[in-house]
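Participant: If you want the building blocks of each chain, they are given just below.
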Amino acid sequence: MDQRNNKMGWLFTSPYLIYSLIFFFGPLIWSFFLSVTDWNLIAPTFNIIGFENFMDALKSPSVHSAFWVTYKFMLIFVPIVTVLAIAVAVLVHGLPRFKSLFLIGFFLPYLSSGVVSSLIVKGLLSYTSPLNVFLRKIGLDIDWLGTPLSALFIVGLILAWKFTGYYALILTSGLASIDKEVYEAAAIDGVTERQRFWRITLPLLYPSLYTTLILAFGVTFGIFTEVYQLTGGGPNNATNTWQMEIFKQAFTNLQAGYASAVALLASVATFISIFIIRKLLEIWGKRNGWV
Amino acid sequence: MIKKSLGVLLTAALATTMLSACSTGQSSTGNSGSGGSSGGVTTIEFWAAPNPTQQAYWQEMAKAYESEHSNVKINVSAIKESPTSEASIQSAIAAKSAPTMSENINRGFGAQLADSKALVPLDTLDGFQDIIKERNMSSTIEPWKFADGHQYVLPIYSNAMLFGWRLDVLKELGYNEPPQTYSEIVELTKKLKDKYGDKKYLWAKADLADPTAWKRWFDFYMLYDAASGGNKFIEGSQFTGDQKAGEEVLTFVDNLRKESGLLARQVTDPFENGVGVFTDVGPWTFTTWKEKYPNLKYGENFTLSMPPVPDGMDPKDSKTFADTKGLVVYASATKEQQAAAIDFIKWVYADAANDAKWFEQTNLPPARDDLTTNDSFKAILDKQPELKPYAENVPNAVPPMDNAKYNDLQTIIGTEAFNKVVKGEISPADGWANMKKAIESALQ
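Protein chains in written order, with our numbering: chain A, 36 to 326; chain B, -6 to 437.
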């Protein structure tokens, strides 16, 4: 019986195993091989150059910018999207009816094309747009995409707009799972609205919040479309993300080996960062007695 | 037993489905994975620029050629632009499914491909010299020779990039024609700002502050080619930039900035909407203008000029950047395919009427020496006088560098010098010095 179950287990997990072999381990090994060569994929010959690509990447100013830009985006995007997602989730959860309809409304930006939303934002921020004409009239002339800090904020805000509905969806299901009796008991005890949120809702929402925070931190390592469309990584590499850097090296400079090395460095940075963030979130949860 | 067989079958079906999902959908025949010879018919794959008019042109040419040459079949399709046409070509070569030939290759990308031995040196193919002679393009193709002495790319069109001027605004400021020297333009900028303040700029273009490599073709190189008399900037792996000319260009840009004449910000069609009065214009623009800005009329509210020159230089000697792309034959093609490819091109360019058709359909000036003297093009130029200055200046246009690292090198021009000067972050002399140092280091 155990042997039969064993076989069935292998059978049912085999699609995932095969999928992983083909689409994960295969490319990973291939990428590592490329990263130790100077091959551009099309030359008939290439040299094994060891870790030279990695050393070059570690010394490259644009790789340094990709590393730091990720954390800058984290500082902007994660707090904004988290606060907005919680606000949307709490507001929608408190609605007497049509909750799903409102949630779908907030979820729509997530389905929209990053290219289209970036182009719309580009138009809105144009020097001659009504917004900028008005701002100049009151003495504010802002080069939105040409100043490092504002360019980072613009991209961070577009992403927050896009992901708020998606995270709100996860948080809403978290709110729905909170037992109403807890609130009723609290009401009998006379807790205020503020206490209700900080002492009951937030702690019981922690598992869902943990998921959305991990997802949000993860997003910052994969930013590409908005940056590609709006700033091209500029000004002065201020918005140059890992994905932008890999794209430039692989598809513009045709340096497949070097791009693979950058991609592997990016995955190491992502893995370590997410690991640390997870640990910090767990410590935060434990310290407050939420887990 | 049946259950065991079902399990195996299920696994096999899943694996097959996943593997088939990896397929690009392209058929793979012949040695290069694209075309080949069968039953006495040689099939060649031709990748045209991802532009409907160019694709239609080559389809028409292929059809006409096939009707006269039953032993050759030409499949014309557009180069995929996802993520870029260069990346699509690179992937195709890596996947051994490169076409026999393709157009839309700039000289820098041609150098990258040639460096990787992915291209056939065209001058080694029988019939290539006949093409040069019959198409009357000996002078135009001369600067296309690569550092190793071979010709890898046959230029199809050559846009001698020009600057457009808003003639209506110039007239308001008391000018009947565009100024041609740096000090004249700075003087005009002062008048423009006095009259319009922050409503109008001399040169309004977000690209001025963007370090993307190709953007330098349409600002720095246009000015530099004019100031240096067409100096090549980089030859092979040597930096040969003309310091005096380079610093003059950067100083000119800096002076425009000081006069608030530059707007390196995102603006929707600044020249067309009159926010900027001066900008680089390629002949492909006119088709868009006809549809989107029909009020823009050549000679009425806009005109064209060669790039301005530093004070003391004769504007008549001005050179400019050649936005030019050409055709290549891939090394992965069989000898039969290479021979068929060159014969097809020879057939197309043996008749000037085919170049005239190209010019008429695409507005892109054929890369020929006789564009203004050959009667085949007269009717087109008479009908569209705005194309005349492009045709006249084909011999004054300098093609891009043939260095495989052109992306990195041109990015340096922006990040170390041009973009910084536009933003007032560095002096022209320091910008040039930093750029030179960084380029020389990158060339090593």
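Treat each hint with caution, since some may be false.
[To be verified] 25 angstroms max Cα-Cα, derived DSS-like pairs, lysine-lysine:
no., chain 1, residue 1, chain 2, residue 2
1, B, K184, A, K172
2, A, K94, A, K107
3, A, K172, B, K188
4, A, K157, B, K416
5, A, K107, B, K416
[Unchecked claim] Label-pair ranges, simulated between beta-carbon atoms:
no., chain 1, residue 1, chain 2, residue 2, range
6, A, P96, B, K89, 34 to 40 angstroms
7, A, P96, B, N169, 30 to 36 angstroms
8, B, G120, A, L56, 36 to 42 angstroms
The hints are simulated quantities; they were obtained by calculation from the structure and are not laboratory data.
Glycine residues also receive a C-beta, built at the ideal position from the N, C-alpha and C atoms.
Participant: Please work out if K157 of chain A and K416 of chain B have their alpha carbons no farther apart than 25 angstroms.
Facilitator: 20 angstroms, holds
Participant: Is the distance from the Cβ of P96 of chain A to the Cβ of N169 of chain B consistent with 30 to 36 angstroms?
Facilitator: Distance hint for P96 of chain A, N169 of chain B is violated at roughly 49 angstroms.
Participant: Within a Cα-Cα threshold of 25 angstroms, do K107 of chain A and K416 of chain B meet the stated pairing?
Facilitator: 23 angstroms, holds
Participant: Are the Cα atoms of K184 of chain B and K172 of chain A separated by 25 angstroms or less?
Facilitator: 23 angstroms, holds
Participant: Holds or violated: are the alpha carbons of K172 of chain A and K188 of chain B at most 25 angstroms from each other?
Facilitator: Holds, because 18 angstroms separates the two Cα atoms, which is no more than 25 angstroms.
Participant: Could you see if the CB distance from P96 of chain A to K89 of chain B stays within 34 to 40 angstroms?
Facilitator: Between P96 of chain A and K89 of chain B, where Cβ atoms are some 36 angstroms apart, the hint holds.
Participant: Given the hint that K94 of chain A pairs with K107 of chain A, does the C-alpha gap stay at or below 25 angstroms?
Facilitator: 20 angstroms, holds
Participant: Given a hinted range of 36 to 42 angstroms, is it respected by the beta-carbon distance of G120 of chain B and L56 of chain A?
Facilitator: Violated, since G120 of chain B and L56 of chain A (Cβ atoms, about 49 angstroms apart) do not stay within the stated range.
The structure shown violates the earlier hints numbered 7 and 8.
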